[in-house]
Amino acid sequence: MSAKAKRAAWEEKPTVAGQTAKGASIVVIALLILFPLYTIALTSLSSAETVQRVGGLVVWPGDGITFEAYEQMFRNPVVLRSLVVSLAVTAVGTVVSVLVSILGAYSLSKPGSFGHKTVLFSVLMMFVVFPGLIPVYLWVSALGLRDNYLAMILPMAVSAFNVVVLRAFFMSLPQELFDSARIDGAGEFRVLWQIVAPLSKAVIAVVTLFYAVAYWNSWFNAFLYLDDTSKWPLALVLRTYVVESAPLPQASGLSSAPPTLAVKMAIVMVAIVPALVIYPFVQKHFKKGVIIGAVKG
Amino acid sequence: MSTTTIESPAAAAGDAPPRAPQPKAHWLTRLRRDWPLLLMAAPMMLLVWGFWWIPTLGNVVAFQDYKPYTGGILGSRLVGFTHFQLLFSDPEFTRALVNTLSITAFQLVFYFPVPIALALLMHSLVSERLRSMLQSIVYLPYFFSWVLVIAIFQQMLGGAGLLSQTLRGAGFEGVDWMTNPDTFILLVTSQAIWKEAGFGAIIFLAALAAIDPNLYEAAAVDGAGRWRRLWHITLPGIRPVIVLLLILRLGDALNVGFEQFFLQRSAVGSQASEVFDTFVYYSGIRTGDFDYGAAAGLFKGVVGLVLILAANKAAHLLGERGVYSKS
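Going line by line, the protein sequences match chains A and B. Using UniProt numbering, the first residue of the first sequence is number 1, and each one after it goes up by one. Using UniProt numbering, the first residue of the second sequence is number 1, and each one after it goes up by one.
These are calculated hints, taken from the structure and not from any lab test. All of these numbers come straight from a predicted model, not from anything done at the bench. Some clues are possibly wrong.
[To be verified] Straight-line C-alpha distance at most 30 Å; calculated DSS-like pairs for lysine-lysine:
id: 1; chain 1: A; residue 1: Lys-13; chain 2: A; residue 2: Lys-117
id: 2; chain 1: A; residue 1: Lys-110; chain 2: A; residue 2: Lys-201
id: 3; chain 1: A; residue 1: Lys-22; chain 2: A; residue 2: Lys-284
id: 4; chain 1: B; residue 1: Lys-313; chain 2: A; residue 2: Lys-117
id: 5; chain 1: A; residue 1: Lys-231; chain 2: A; residue 2: Lys-110
id: 6; chain 1: A; residue 1: Lys-110; chain 2: B; residue 2: Lys-313
[Unchecked claim] Not the full set, but computed from the structure, chain B residues with beta-carbon under 8 Å of chain A:
id: 7; residue: Asp-90
id: 8; residue: Asn-214
id: 9; residue: Leu-307
id: 10; residue: Ile-308
Note that the Cβ used here is the ideal one computed from N, Cα and C, for glycine as well.
Assemble the whole structure, with the sequences as input and the hints as a guide.
As C-alpha cells, then:
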C-alpha cells in the first residue's frame, strides 16, 4: 500500500476549489467523529477540580492529566463488578458463538447432505421471521434463566448473518481441496480444523469481532432477565449512571449513586476501549468478509 | 496438491464454479455418510430452535386471554382476534405506527443518501493512505453500542452538554436537543448517521470498486468531464446496489430499531419517541399484558414479513438479484 498518488494520465488536473471542498469535508467528517471522543477522553483524564471549574467537559488540555477518575472508578465496586461480568460474558459468549457458528456453517456448506435443507431453512428463515420480544421473554423466563448469566448469552448466541457469511466463504473454497483431503482419508472434523479453518482466518476474525462487539454492547437482555443488579454488565451500568444519571435500583447496600462527570467519562472510555483495541486488527478484512456475505447471502 | 494455489479464495468467491451435484443416494446411505455434518450442525440447531423457533410458536399468546401464573400458554383460553381489535382502536398504537413510519420516511430522505455520498468521497481520494485513514475513522462508531452513542450525544448536545456549556459561556441561552420532542426526529437521524453511515458506505465502496476503469478512460478520451463521468458511469454502475438497498429498506419499514428509542423515551416522552418496538415493550412487559403486547408484536412481524417478501419480489421484477438477507 503506497501513499503515492496514482492519478491516471487521462484525468483532469484537480481544481483548487474541488480539492478544497473535498479536504474540508474530510476534516469536518473526521472531527464530527473524533472530537467528541477527544473531549470525553480528556475529561476522564482531568481532575475533579478542573471539571468543576470548566463546568462540564474539558476541551483544552493544559490543566494536566491525572488518572484520578480511573482510580475512583476501579474503587467503585459496582463498576468493577460490572466490568468483570462484561468481560466474562463477552469471552464465554464469543467462544461459544464462534465455535457453534463455524461448525454449523461448515455443515451448511455441503449441499445434498442428509438434512441439509432443513438446517439451511431453519437458519435462512431467521432473516425474515422473528419470534418477537414477548414470546422470547416468556420462554426464557419459563426456562428458569431469570437471574442467570446464560440469559445474556443463549438468546443471542447464533447470528444468522454471521453463519451465512462463514458458509459463503467455506463454499468459495475450491472443491479439489476437499476431494484430496477425502482421498487422504480425513474425516469432516479433520478437514474443518486442519484445512478449512486455517484458510478462513480472515473471515473468522471478522465474525469473531462481530460477536464480541455484540456481547460487549448488549444490555437489554440483562435488563430484562437480571433482577439482581450485582449481575449487571458494564453497558447497563453505563446506561443507568451516564444516560439516566440515576442510582442503580436495589443495589446491595453498596454506594450506588451516579459518580462525578470525570468518573462517568472514564466509564464511557472503558466501554469504548475494547472496540478501539481489536478494531485495527480486523478492519482490513471487513470489505472481504462483509461483501461475500452480502453478495452470496 | 499444494496449498499455495488457493491462497486467496476470496478472490475466487464471485466466480467459483458450481459444486458438482452429488448423486442422491438412499437416505440411509446418506445418513451413514453425513452423520459428522449433522453432529456439527447440532449445537447450532439446538440454539436456533431453542431460542428462535420455539419462542416463535409462543406467539399463540396473542390469541389468548393469557394468564401467566394460573394458566400459562397451555392452560389459557383462546380469544381469537380480540387483542387485535383492541389494538386498532388504541390511540397509543396508532401513534407508535405513525411515529415509526414518519421516522422511516424521514430517514429514507435524509439518511439513505449519506453512505452513498460518503462512499463517493472516499472512492475519489487518490491517496491510498488518506482513504484508509478516513475509512478507519468513519467505520469506528458502528462498533459503539447505542448506550454509548446516546451518552456521547448527551454530553455534546444535552442541557448540560458541551454545546450548552459553550453557549452559556458566550452569554447565550443553553439548548437541550436531547429532551426536545419537536426535534427528536432530527436527533435520531443524526445519531443514526453518526453511528452507521460510515459502515453503510462499505457496500457502495465495493460497488464503486467493481466499475471497470476502462469505462472512465474511454469516456474521458471522448471528452466527458468528471461530472459527466459521475453521472453516466459511476451512478449507473452503482445503481443496482442503490435500488436493492432502497427496496430492502422499504421492506424493513416497520423496523427503526429498538434500543435507540427505548433509551431516549424517558427523556423525550412517548409522544415523539414511541415506535413499534417500544410500544410492544411498554404495553406488554411493563404492564404485564403479555397477550396484548404479543398481538402488537405479531402484527408487526406479519406486516414486516409481507413487506420483505413484496420488496424482494419488486427487486426481482426490476431485474435485480433478490436477497432475503440484510446487508
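Against the structure, the hints:
1. A:Lys-13 x A:Lys-117: Outside the cut-off at roughly 56 Å; violated.
2. A:Lys-110 x A:Lys-201: With Cα atoms ~20 Å apart, Lys-110 of chain A and Lys-201 of chain A stay inside 30 Å; holds.
3. A:Lys-22 x A:Lys-284: Holds, because 24 Å separates the two Cα atoms, which is no more than 30 Å.
4. B:Lys-313 x A:Lys-117: 22 Å, holds
5. A:Lys-231 x A:Lys-110: Since the Cα atoms of Lys-231 of chain A and Lys-110 of chain A sit roughly 41 Å apart, the hinted pair is violated (cutoff 30 Å).
6. A:Lys-110 x B:Lys-313: 28 Å, holds
7. Asp-90: Constraint on Asp-90 of chain B not satisfied, violated at 16 Å.
8. Asn-214: Where the cut-off is 8 Å and the nearest Cβ of chain A is about 11 Å from Asn-214 of chain B, the hint is violated.
9. Leu-307: Interface hint status for Leu-307 of chain B: violated (10 Å vs cutoff 8 Å).
10. Ile-308: Result: holds, 5 Å to nearest chain A Cβ.
The structure shown violates the earlier hints numbered 1, 5, 7, 8, 9.
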